[in-house]
Each structure stands twice: as C-alpha cells, then as structure tokens.
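Protein chains in written order, with our numbering: chain E, 1 to 80; chain B, 1 to 461.
One or more hints might be untrue.
[Said to hold, decoys possible] Below, in silico cross-link-like pairs of lysine-lysine (DSS-like), each with a Cα-Cα straight-line distance of 30 Å or less:
1. E:Lys3 to B:Lys449
2. B:Lys358 to E:Lys45
3. E:Lys45 to B:Lys254
4. E:Lys7 to B:Lys59
5. E:Lys45 to B:Lys449
6. E:Lys7 to B:Lys358
7. E:Lys51 to B:Lys58
8. E:Lys45 to B:Lys59
9. B:Lys254 to B:Lys237
10. E:Lys45 to B:Lys206
11. B:Lys117 to B:Lys23
12. E:Lys45 to B:Lys412
13. E:Lys7 to B:Lys206
[As the list claims (entries may be wrong)] Here chain E is said to cover these stretches of chain B; the calculated rule only asks that three of the stretch's residues, wherever they fall, bring their Cβ under 8 Å from a Cβ of chain E:
14. 48-62
15. 340-354
Read the hints as simulated data drawn from the structure, not as lab findings.
Here the structure is a predicted model, which is why all the values come from computation and not from measurement.
A virtual CB, placed ideally from N, CA and C, is assigned to each residue, including glycine.
Each chain, written out:
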Amino acid sequence: MSKLEIKSRLPGVFYRRSSPDAAPFKSDGDAVAVGDVIGLVEVMKSFHEVKAGVTGGAIRFLVEDADAIMAGQTLAEVEA
Amino acid sequence: MKIRSVLIANRGEIAVRIIRAAKALGLRTVQVFSQADADSLAVRLADESIAIGPPAAKKSYLNIEAILAAAAAARVDAIHPGYGFLSENADFADAVVAAGMVFVGPTGAAIRLLGDKVAARRVAAEAGVPTVPGSEGRVSDIAQGRAIVAAIGFPAMIKAAAGGGGRGIRIVQTMAEFEQQFPQASAEAAAAFGDGGLYVEKVIEKARHVEVQILGDGVNVVHAFERECSLQRRRQKVWEEAPAIELPAAVREKLCASAVSLARSVGYRGAGTVEYLYDEATQQFYFIEVNTRIQVEHPVTEMIAGLDLVQEMLRIAGGLPLSVRQDEIAIAGHASECRINAEDPYRNFMPSPGLVEKLEIPSGEGVRFDTLLFDGYVVPPFYDSLLGKLIVHGANRADCLARLREALGGLKIVGIPTTVPLHAALATDADVIAGRFHTRFLEQWLETKFAAPGGDKEVAR
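Work the whole structure out from these sequences, hints included.
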C-alpha cells in the first residue's frame, strides 16, 4: 500500500491541537480529506493552518505536538 | 559604578544593542541563548555565552530558573531584560534581587503597580495625568451609565470589564443606541466572560499615538521628549518618529510634565515610557499605559536628544545618579525609525524566516541600523520578525525623510522578503510626507494605496 506525505511549507513549531486544552485535530489512524486541518505551524508568533492536501486513510504523525520543524519537513503520512 | 558585569536576558537586535552599551561602559557581558540562537550576533559579540534551553521561548528566554542559574554560574552583578520576554515580569525582577543581583529596571513593586491597568489609571489620575473620560471602574446600572455618557459625549464605547484585546467592545453614536446596546452588552459579556460588568469610555477618533520617554534614578526623573508612533498595523508599531509631528510647544510642555509627574509619584527608576492618545482636533492628550522597560523605538529619542538611553539604564542600575539634568536635554532636529521585519508586505505580511545571503547596510550622516543580521545568518522562525531598525536623523522632518528615502534605497537584505518595500512606499506617500496620519491610517492605506510592483504578479507568486 502506498503512502502519501503531508509536508509543512513553513518552518516553525508544529501544534496538533488548536489550544493546549483542545482535542487534537487528528489522531493516528484517522482518515483525512484534502481540506482537513491536521495542525498549526507557529512561525514568528503567527499561526498558520496545515491542511492535509491529500485524501487518505490511517494518518500517522511523524512529529510530536510542539516540535520544532523545518520547511519541507514531512509531518505525517497517510495511506492512499 | 557598583556593577561590573551584566547578563542579557534577551535576544535579537536589543541584545546586540545592550552588549554594545555595556561594553562601552567597560562591563563584562554574558549572553544567554536558546538552541536556535547559538550562532547569533549577540552570542558572537558577548564576552561569554551560556545555553539556557530549547528554541521555544517558554523553555529558554521565559525560563526564570534557567536564567537565574546562568547568572549564578557566570557570577554577574546585574541582569538586563531588554524588551518583551521577562522585561515586565515583576516576579522576575523580584527574583533577580532576591538572588543578590541588580535588575536593570524599576522595582518589582513599580512594575506590578504600573502593569495593572486599573491601578495605573488611578496612579495617573492622582498624578494629574488626563485619562480617557469615562466611568471610574464598573458602571452599576443603566441610569448611572446614561449619566456618564451624557457627560462625556458621543461616540462612546461600552466595554466588557472582563474583555480584552478588542473583544467585548461596542461603539454607540446616540443616547437611543446606548439605551438599546447597554443591556445587550451586559448579557453578552455575562455569556462570553462569565461577568456582565461594563465600563463606559469616550471614543477618541483619529487619535495619534504619542509617548513620552522618561528616565529616573529613584530620586530624580527627567523626560527626553516624545515620540510619534501612529503608523501601526494590528496595534503593532511599524514606523516611529521623534519629536511628534506639529505638536504645539505648550501641549508638549504639559504632556512631558505629566509623564514626569506620574513617574515621580512612584519613585521611578530606569527607562520607561508613558503612552498617550493625542486628539489633534482638541489638542487633548489621554493616558493609555506605562511601559516599564526600554522600548523598541528608543533610538529616535536618542537621535534627537543626544542621549544613550541603554547606557543610562546601566549607569542607574550601577547606583549612579542621572547623568543629565532636565535643562540639559533639548530637541535637535528630527528622527525616524523604520522597523525592518522578516515579513512579505505583498503577501499579507507572511513571516519569512530563512537565510540572509547578503546584507548591505547604508551609511552616511545621521544614518543608523540596529540589527541582529550578518551575511549568511539564518533567521530562525521561533521569535518575532524584527530584523533591524533603520534610524535616520535630519535637521528637520523634511530633511530626515529625504535622508530616509536614500538610506532605504541603500539597504539590501538579499535572500528573504522584508518590509523594506513597504517603508520605501510610505516614505514617498504624500500624506506621510505631510504628516497627515493617525492610528488607523496605515491599515486603510495598505488596503487602498499599497500594491506589489507589476500588479498581481507578486501576489500570485
């Protein structure tokens, strides 16, 4: 089964939830659609949504909540 | 001086600025840094540097324990907090003193007092500083509210006591509107904030943001005149000047005296800024708040007043009295500052961290660039976007702006989008040149007057 990657265009800090108390946007194993928000990237004190950009099943995150990330880094994989 | 070393609990251009001032005074400098700043200009310039944690500010520049541990290890006499981060944290100021060091700034008690909006407004009023006309605290019922708005006039603002950051505010133009909106605002505030308490305040339309630089040694207080910071986007200052544009001498005198009176009433020590709204039409000014630290835009004051405010802060921290008397401080010429940010002004100010391949800094009489940049520096994504401040001084405002246009033309930051083109456009705008602006001007101007060269090409990129 092939895997699709979800990458970040921006460098910064990746968050899997909209606020520290909120539920994660997606959990490992969830299905995702193109327009689904899977996380936020904080760059220079401003927050930007990361959309899945692909449709697939069983998302698996490769970075933890609040991890520092580079531009172009793969954040998660989904099954095509 | 009683201090011989200082730790800089900050980063970026202000850390560089503090290191330079401290070195000029012969102090040993210790720079703390996060993992993301190991290769920063401040670390390169400081005598010593100490790692304090991961990139996230919460775990490094806001980590009081880590900073105090670094200060103890480096055996420094004082800590300069810069601006932002821990600079207005009263508990940090107290902790520095409890650890046997000097906090470069006011006492924790003064920071606490002036940092509380309601308390600061009371201190200002008691010192004779005009505050925005309105209710003294919560309005008990609609009858009291009616009496207050009748006295202050329209437009008036109904504010949720528990609101903040622009939330829970309604503006009313007539008494009928007030009668209708007041109960709704109360119900809404109760639902949104769990507190239906309301304040009423006069709306100051087309106000300018004017602020007075103060400097105290705990005994004496002087002012170094005012700055004009009306060009703002999303309540963030973008471009500042000193002195304020076409402020009548009599108003200036009253304004600056009111700031000194406020600072003196609390025995202020260090550099500080009293911020005001200024209504050009009525020539009235109104207290907003006090910032108990050095400000980003302090250089425009230094350029017109011939002072080094950061050296002055360190001298005061070292137990020395103010080096100048009020009658020795005068305004010479005019200064402007452009905040150069790592943001793309053609793409809704999208942050643009990354590699600075090449840097060309303009020079010439009256030109200064305070920056954290060097050739080959990689701007990290973890902190604010300020790359530097282009500061220009001239004999008068017209001369200053002419020099600024030339200096902007000579400033090249290759590799990442910056706000240089925004400033170049502002510096040639007829309204900006004429000084016709207020705090809402820039946002309107960005919508109607500012576009990428060559139409939509840049936007679509």
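Quiz item: Among the hints numbered above, which are violated by the structure, and what are their numbers in rising order?
Solution: 1, 3, 11 and 13
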